[in-house]
Amino acid sequence: MGTPDDWLEPHVYARYPSLGVGLLAVIDVGLSGLPGVSAWAIQMMWIPFWAGVVVNGGGHFGGYRNIATSDASTNLFPLGILIGGEELHNNHHAYVTSARLSNRWFEFDIGWLYIRLLAALRLATIRRVATKPRLLSNKVVVDDATLQAIIRNRHEVMAAYARMFERACRWELRRIKDMSRDDKRAFVLGMKRWLRQAWGYRDKPDQQALTSRNASRRIRVYVERYEALLELWAWSHASREQLLVQLQNWCRYAEQSDVTAIADFSIRLRRYT
1 MGTPDDWLEP HVYARYPSLG VGLLAVIDVG LSGLPGVSAW AIQMMWIPFW
51 AGVVVNGGGH FGGYRNIATS DASTNLFPLG ILIGGEELHN NHHAYVTSAR
101 LSNRWFEFDI GWLYIRLLAA LRLATIRRVA TKPRLLSNKV VVDDATLQAI
151 IRNRHEVMAA YARMFERACR WELRRIKDMS RDDKRAFVLG MKRWLRQAWG
201 YRDKPDQQAL TSRNASRRIR VYVERYEALL ELWAWSHASR EQLLVQLQNW
251 CRYAEQSDVT AIADFSIRLR RYT
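Counting in the working numbering, the sequence shown runs from 1 upward without gaps.
Among the hints, a few may not be true.
Just the calculated beta-carbon pair ranges, DEER-fashion [to be verified]: (1) 48 with 10: 24 to 30 Å; (2) 255 with 173: 23 to 29 Å; (3) 46 with 237: 46 to 52 Å; (4) 237 with 82: 43 to 49 Å.
Hint data in this document are derived by calculation from the structure and do not stem from the laboratory. Remember, predicted model here, so these are calculated numbers, not experimental data. All C-beta atoms, glycine included, are put in the ideal place defined by N, C-alpha and C.
Please work from the sequences and hints to get the whole structure.
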């Protein structure tokens, strides 16, 4: 996708689709003899196994998420070495046009290393890289620049809220020792569903599990502010002025609540630019 439609495409690649595979087999056997057959077989299985089974299988089942994308993609491992950085599959889904798949300080994308080396030799041009949110420490006014920056980085915003929500739920679990077994089971199940939704999964949350009498008022505030934040992305037909007013109201309500973490989160949103 996005490669030039040059002379090679119709005259070589399209006309002789098996030429590359056959030439690879000839080279492997010619250089290594009979063991070259095994080498060729491994090379033929490499991409289907790693791309199909590991990345598209495991990368949508287990691992961790940096970004609250709308799919089930996960990062299998923070060090992307064995399969060219595709271990960071959630990052890839979040920034599909980015040449760099590593997104956090502890992540490594060997493919990005290769690209930088090729760019240094003027054999490649880096066109797009996922940008990190820009925050101004002294910014307190929610203006149009704040709105556009938050919309542009909405995946990071929702992921940050999900991490904060998860910490609050863990704290709540330590507090509810006096619950009955059935109430605690219902709360834990509802909490898991809400956390999965907060991380972008398409699970249908239990609307009552975290807002019932079993949940603390703090958890109810987290749920209410989360739903209000989701509405900001849902207003696809709203004007920028309407969205700005909605964001300003969200920050005001968040800071008026006595939940310190949500108030701090709102103050951080104000710094986006």
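Outcome of the hint check:
1. For residue 48 paired with residue 10, a C-beta distance near 26 Å keeps the hint of 24 to 30 Å intact.
2. At about 26 Å, the beta-carbon gap between residue 255 and residue 173 stays in the expected band of 23 to 29 Å.
3. With their beta carbons about 47 Å apart, residue 46 and residue 237 fall inside the hinted range of 46 to 52 Å.
4. Judged by the Cβ atoms, the range 43 to 49 Å given for residue 237 and residue 82 holds: they are separated by roughly 45 Å.
When the structure is compared with the earlier hints, no violation turns up for any of them.
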